[in-house]
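Chains as they are written, first to last, in the working numbering: chain A, 166 to 1017; chain B, 124 to 429.
Hints are computed from structural coordinates only; laboratory data are not their basis.
Incorrect hints may appear among the rest.
Said to hold, decoys possible - Only pairs whose alpha carbons sit at most 27 Å apart, straight line, appear in this in silico DSSO-like list of lysine-lysine:
1. B:Lys271 with A:Lys1012
2. B:Lys271 with B:Lys180
3. A:Lys232 with A:Lys295
4. A:Lys400 with A:Lys389
5. B:Lys180 with A:Lys1012
6. B:Lys271 with B:Lys316
Stated by the list, open to error - Which chain A residues stay away from chain B? Per the calculated CB distances, all over 10 Å, these:
7. Glu213
8. Lys439
9. Gly486
10. Asp665
11. Ser675
12. Ile702
Virtual Cβ for every residue (Gly too), placed ideally from N, Cα, C.
Each chain is listed here by its residues.
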Amino acid sequence: MRFAEFASRYLITIGGIGTILAVAMIFLFLVGVVVPLFRGASMDGAEEAEIERLASEPLHVAVDEYKSMAAILLRDGTVRVHRLDTGEELQRLQPFGGAGGGAGADERTLTALSVSPEGDDVAFGFSDGKLHLGRFGFTSAFPTDEETPDVARDLGPGAIAVHAGKIYVLTTEGKLRSQSFTLEIGAPIESQANAAIRLIAHTSDDATAVLAGFTDAGRIFYTKTRERTNLLTGKTTYASDDYELPLRSEDAAPAFLHLNGGGDSVFLAWANGKVVRYDVRDPSAPLVAEELDILADPAAELTVFEPMLGQATFIVGDSRGGLRAWFTARVDGAPTTDGVQLLLAHELATEGSAVTSIGASPRTRLIASGHADGGARLWHVTTNRLLATSPGPEGEPIEAIVLVAKEDGVVAATRVGLLHWAIDPRYPEASLAALFRPVWYEGFPAPTHTWQAESGTDEFEPKLGFLPLVFGTIKATFYSMLFGTPLALLAAVFTSEFLDRRLRIPIKSSIEMMASLPSVVLGFLAALVIAPFAQRIIPATLAVFVTLPFALLLGAYLWQLMPSNRAVRWAGWQRLVSIGVTLPIGVALALWVGPVMERLFFAGDMRLWLDGQIGTATGGWMLLLIPLSALLALGFGVRVLAPFVRRRSSAWTRSQCARYDLAKFLIGSLLTVAIALALSAGLDVAGFDPRGSVFDTYVQRNALIVGFVMGFAVIPIIYTLAEDALTSVPEHLRLASLGAGATPWQTAVRIIIPTAMSGLFSAVMIGLGRAVGETMIVLMATGNTPVMEWNVFNGFRTLSANIAVELPEAVQGSTHYRALFLAALVLFAMTFVLNTVAEIVRLRFRKRAYQL
Amino acid sequence: MTITPHGSLKKAPPLTIPPRQAARLPESDAAAGGLFEAIQRGEAFETVVHEATRGEKPVLEVSNFNLWYGEAQALHDISLVCPDGKVTALIGPSGCGKSTLLRCVNRMNDLIDSVRVSGDMTLNGESIYTAGVDVIELRKRIGMVFQKPNPFPMSIYENVVYSLRIDGERDRSVLDEVCEQSLRGAGLWDEAKDRLQSSALAMSGGQQQRLCIARAIAAEPDVLLLDEPCSALDPIATGRIEELIDELKGTYSILIVTHNMQQASRASDYTAFMYLGRLVEFGPTDEIFLQPRLKETEDYVTGRFG
Ligand SMILES: Nc1ncnc2c1ncn2[C@@H]1O[C@H](COP(=O)(O)OP(=O)(O)OP(=O)(O)O)[C@@H](O)[C@H]1O
Ligand SMILES: [Mg+2]
């Protein structure tokens, strides 16, 4: 006996502590995964490698992915390849002939260069007006034994050997890898430029490339080329269409020229900050789309105008240290020819050391900026943040900077050296502000809350706005509780207070059985049966919310008309049956009223009406205002009519009272409709329209369906707990109230429900918790579109459904993966806060009930 | 006549009225213990009713009342007259059906599904058990106080005016008036007048019981039913309740169940002695206590039995 007591006490203690521990562990695990998201980026001090002084301005620096070598392309056409760690010169090439070289095979010189932000793709422009596409990058190879030079034969792991411009390294797997610079120059593309190319821009996809440029002759050309490979010789040629863009004669030569990703806008920028954007959707009829000044400071000079990944966002740097990101977005009423407008989306810096160069990441929205003071900074453009900054050695300004493809380093060239910073950006897309505040994503006219973590294309900008998911969760919860709570609570009150005790048990257990219905089945039913059905009869679906209560109440009033002894004798199953009969009558009424309503108030087609295409706002307001007007009518009855009638009704017989009640109800119903109609018409005249908020375009799988079906998922829980709370109200209170002559309904409303309030409240709260966390139903019954609108007829995406959909595809350890864990944490926090609030309120209710 | 509880949905069981058993017990068997044994054997006998009860104006009349809990009969052929404005005490050993009888008066037994009754009761001459009686109206005319104090978890004020509230009374001055009257009537005014808005549950047991009485008399009932109102109270609180009963008598007709013989003898005008569902002897209190007609009654009231 004593042992049993001892054992059970310890078992219970261990169980309790174990549960707390388990919850704490889950919490800690989630926190553990999430916390790295918010750790800042790191950038080590610069490592400098001295090189022989560059003879001319470096145009472009490229670094291989292993950060072993850097290639610098100089203005004079020389390419110098250096080891990154020591600065040792590996190669010096003069691939284009030119001034520096004496080869003289070719009289022309390199005059313009365009490097795509995605990688090694380049376009060259020459003094003779020729254009070439090419690749400026590195090749890794695993040389065979014969190819291996002697110096690379007995390398230790990690050691480096240099031979003939190549770097040899023994990889950790024990294989020898060679690394070399490669420059490919494609076949010439004929253009009608016939003059030296001063500026060039290009964008290309698989088969076609668009090139644009500015020549010494003061012409802007725009060339579309298609690659043609001769199947016999394997030689590639280009067929091109040439166009010319108008340039106003008074304009000086522009400093920058760029194309957007699709090639339908050409940007020209001048050093004074003037930008002209050409609309070349139809290149044979180019238009000036817009003209603006992108430098806020008139004293500043434009020093950098570079595209980012995708060639949609342009980073603008100036001599005052300003660094800004601009992109075009579709703006309502844009004063341009193509409806889009250049917008200043991110102001990264407004002052500081002059920006001299930009290196954009080929994979993300990360950029490195090089400055005149020799320092470098790391920025994340989407979230508008400076991630890290490093001063670099004094003296020499940075002239070209590049972000290594793996985003683990930044390399810059000054005239006398190569600078290398090891960086770790960690999770730059995520910051509290980026997750929970509006963020201005590329192509959007304004900052928004958007969730779209992944997409098919590489250029995609991840959008990690949590609010649409939190909103979706709240919306799902709200609509399902709106539907489920009243039903569950009324059913609980009915079974505990009015139902025969012998019927109570089977009914209670069958409702509890509903809880065991797998939510995937409910979701399946919702998506494949209910949603298509409801779509076919939208007006009736809406009307049922009015006609069903009406039918039920009408039934009750008609019942009262019965002679009292008949009513008493029929209080048993007959009454239950007659209640049951009113339900189908209500539904039938809805089927009849629905189409009538549609014809009268919704211009004959509900879906078009919801779309906002036809009809006035009156009908929508009617639907919304019916409950309010019913309350108003009721209030009128209670405040105005009741005292008046009470004085004379004392002498009335029962049947007179019943008839009066029925008349009151019918008049009240008419009054309700009249009030609703008047208010709606008023609101309509005042110009308010519910479409655009609670009502809007109908989507088949929508919040109404989820509310309805998830209502069924929460009803059993709320019902069971509420029923328990009601039945656990001490019987003596019930007897005292009934003994004082209260009706069962009065007893329930005045005594039982207030006494059980804390229990009822926790029942609702636990139902709420279930609704917040519910996954399967929302996953299946909504379109899972993360939109933020209250529209009952649109879908949403909840935190839980989002985790279920995206976690399997998220790369472990990625920002997306950790963000999903954050979603779980937010969900956890929401339920935790909910439960805590529920507990506090419950305790206060209880205190009030027992102490007042 | 079987009446279903108000609001219940059960099917009424068929009526079964057992035949009246009129045979009177032989005098010789009515010796001490003999009558009880006879009752235990289920033999019928006739209640001994003192003549002094007949002259009074009745407020509640019970005639040939039987009650079954399922198969078990709990009340056998009870006939009783409660005089107007007087206190009638119900005494008898535990389980003899006192509470059951009391609950029948305001039809609280309707709430128990297995209950069947036969016979009738009348309140001021109107039948309680015919079809079409509005149970709710009936209960408003009969106040009831239970064995255990059962105030509602509301303020003292709201407890007292509950019966007016459910009638839809909103006039504050009426409510205040009734509250004060009832609390005065229940002898609680002085203690409660400063804390009307505090919780009734914070009061002592004796105060709670008096509050329940105040709540019952607030509706100005014709009859007040008290089921062992003092069993949960200490002697001082009991004394106060007894004084209260004394004060209420005359204004209200009171039917009180008690196990306390002193209480019955002090507080009541008439006493009914019950045994195993039967009414054994009914008469003026002093006669029942001083010159009972039956040996068994004497044994019970003097504490030799029970
Ligand atoms: N709800 C019920 N269901 C079934 N039987 C009941 C019920 N209530 C009472 N009884 C039975 O009816 C008989 C009379 O009970 P009752 O409560 O009226 O006795 P009582 O005289 O009030 O006793 P006490 O003095 O102990 O309160 C008892 O045998 C009891 O078991
Ligand atoms: Mg009792």
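Evaluation of the provided hints:
1. B:Lys271 with A:Lys1012: holds, 22 Å
2. B:Lys271 with B:Lys180: violated, 31 Å
3. A:Lys232 with A:Lys295: violated, 33 Å
4. A:Lys400 with A:Lys389: holds, 19 Å
5. B:Lys180 with A:Lys1012: This hinted pair is violated, its Cα atoms lying about 49 Å apart.
6. B:Lys271 with B:Lys316: With Cα atoms ~23 Å apart, Lys271 of chain B and Lys316 of chain B stay inside 27 Å; holds.
7. Glu213: The claim stands: Glu213 of chain A keeps its Cβ more than 10 Å from every Cβ of chain B (closest is about 81 Å).
8. Lys439: The assertion about Lys439 of chain A holds, with a minimum of 78 Å to chain B.
9. Gly486: holds, 70 Å
10. Asp665: violated, 4 Å
11. Ser675: holds, 17 Å
12. Ile702: Non-interface label stands for Ile702 of chain A: nearest chain B Cβ at 34 Å, farther than 10 Å.
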